[in-house]
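Enquirer: Chain by chain, the residues run as shown.
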Amino acid sequence: MHSDGRFLTFGLFVVFILITLGITLWARANTRDADDFYAGGRAFSGPQNGLALAGDYMSAASFLGIAGIIALSGYDGFLYSIGFLVAWLLTLLLVELMRNAGRFTMADVLSYRARRQPRVRTAAAVSTVTVSVFYLLAQMVGAGALVSLLLGIHPGETFLGLSAGSAKVLTIIVVGMMMVFYVTYGGMKGTTWVQIIKAVLLMAGTTVLTVLVLGRFGFNLSDMLGAAAEASGRSADFLQPGLKYGREIEGDPLRTLINKLDFISLAVALVLGTAGLPHIVSRFFTVPDARAARTSVNWAIGLVGLFYLMTLALGFGATAVVGQEAITAQDPAGNTAALQLAHTLGEFAGGPLGGDILLAFIGAVAFATILAVVSGLVLASSTSLAHDYFGHVLMLGRPRESQEVAVARFAAFLVGALAVVLAVVARNLNVAFLVALAFAMAASANLPAIVLSLFWRRFNSTGVVAGIYGGLLGSLLLMAFSPVVSGKIDPATGASLSLLPAGVDFHVFPLENPGLVSIPFGFLCAVAGTLLSREKADQERYDELSVRALTGTGSHRAAHRRPPRRK
Amino acid sequence: MAETPRRAAVPGEFTALAQDDRFRLLRTRFRRLACTLVASFLGWYFLYIALSAFARDFMARPAFGHINMALLLGVLQFVSTFLLAWRYTRYARRMLDPLSAQLRDEAGRRQAEREHIERVMAERRRIENWTRG
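Read top to bottom, the protein sequences are chains G and Z. Every number in my numbering is 1056 more than the matching position in the first sequence, counting from 1. Every number in my numbering is 12 more than the matching position in the second sequence, counting from 1.
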């Protein structure tokens, strides 16, 4: 990469940061109470919130990661795209009920009919923070690696006096400071606008790349796929499932079956996890009513669907136009495929300068994507810590609103600091599996509690608590004893493909994603907890919850600002 | 904080609403819709996943040009998601929204009436106290 291009990339980063800082300061001036801080005053329109939902959801892992997997392993990367989209239908079903019944967080819905409020709130806060921190860690470690790649700092080189290693640490710290700033100053208003800008940038960037790459093949998808299959050297196999997931190993039917079950486990976690992700759920409350919430999910389905369809063109296009050798030379995991595609396409269109400009633009889009997603996650966890744990457990639901918001700001700082420290420690580890794990945890811990709270008359607080802790611990333990943590070894080189170095092996659970076992286990715990406890469900409250959820009676509306009352 | 009251303003009000025939109709319709939607999208998604895992030969069959069954079915997952979301929304607008709006408005009116009566009573007590004092 030319150094001019680097400065252009760097300059665009700075422009994005300045614009979002401006928005955040504006949002600060317009944030007065808890409704503003947690839910953006419930004043966003359906389409605006739809853009923000899509912005919260489409992480750098999916933009760069899926393009990379498709570019290197072909069709199998596309399976992620499909799971990530189909999951939204479940969200569409739940969004109106949750918007009507809740106020700021998932726990508002779970504790509505629970007799033991504090326990339910605590469990929900623990689950929210755990899922968010795992997801956050994956994004921040990715950000460190990405920015040094974006700025083109190879090992041994320096840029503005930074080596690749120190650039990584510095990036993690800067990203951490930015996200804490967005959340503490901007609250939900500021973060939502950051998401909207990011979603528009990301859609624009992917559309430009898709049009350019398809244009190279006369807008004939089949021709592009043929060229990609040929360039990969694996001909038609490249366009079929099975190169990466569910691999068939000849002469080893057991291994083959495990690989296939692992693939199914991943698919289950992807499709059931979305509706339980805390940063998605907290976005349901930023619109005036259930109807707007439905509209926003429909917008998100449209945007997310278009985006993931385009990952086909980005991934296969990168194989056909850039070539796998050039991609793995930059990054063995393929995360730079989309960026290299941008550089090459820019060069075709406008010479070396064109290449630099398009690369800088796509690089800035990727950077915006990371910043937006991490701030959404920090906001969700600090909201839950302040509103659920501080507000309803420590202060028994009687804190002053201003106190709660102050605690939320402080919690954002704590969560941010924790994420930065963890990410710096883990900066050289392969933590890409954490994204799929966060989906599995959300599906195992949160989804059973949400669905049973809304639809099962007998469900009680013991059930909620058992379901959340059971699903959470189940998925965590299964992961700890799975091949992603220890014992997975590259048969060719003998190097470790797990988190821990080769030689350490304590894995007993064969699947890499725990979803297939932990999601049914979460449901089982929720049901067993309910049936085994002697606590009786509050029938009247259940009726109230059903009426409110389905009709919207008494739901929290956008605040009508009244002039101060005269004495 | 403006927390939702732990109990309904009038005991049994929500229970009465929950017994209302129109509410029961609304709930039945929603549940039927939810079951249909979940069964169709999860069934179709897992069929596709099972085919990807266990029917590789079928998925490898060319559909047209270099586009094989795997890609065709994958893109159809996108199309079906868009279609299901559209159908769900259309059904909700026609069959659910009018019912829920009616119930919500009635509950809102009752609430407003109650508040009005409370205000009047409070005013009356105030005047009584004043005349006595």
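Any given hint could turn out to be false.
Unchecked claim - Below, computed lysine to aspartate or glutamate pairings styled on EDC-like, alpha-carbon distance capped at 20 Å: (1) K1316(G) <-> E1596(G); (2) K1316(G) <-> D69(Z); (3) K1300(G) <-> E1403(G); (4) K1316(G) <-> D1345(G); (5) K1544(G) <-> D1308(G); (6) K1300(G) <-> D69(Z).
Think of the hints as simulated: they come from the structure by calculation, not from any bench.
Enquirer: Taking the hints in turn, state whether each one holds.
Expert: A quick look at each hint next to the structure:
1. K1316(G) <-> E1596(G): violated, 46 Å
2. K1316(G) <-> D69(Z): Roughly 15 Å separates the two Cα atoms, so the pair holds.
3. K1300(G) <-> E1403(G): violated, 31 Å
4. K1316(G) <-> D1345(G): Not OK: K1316(G) and D1345(G) at ~43 Å, beyond 20 Å, violated.
5. K1544(G) <-> D1308(G): holds, 17 Å
6. K1300(G) <-> D69(Z): This hinted pair holds, its Cα atoms lying about 17 Å apart.
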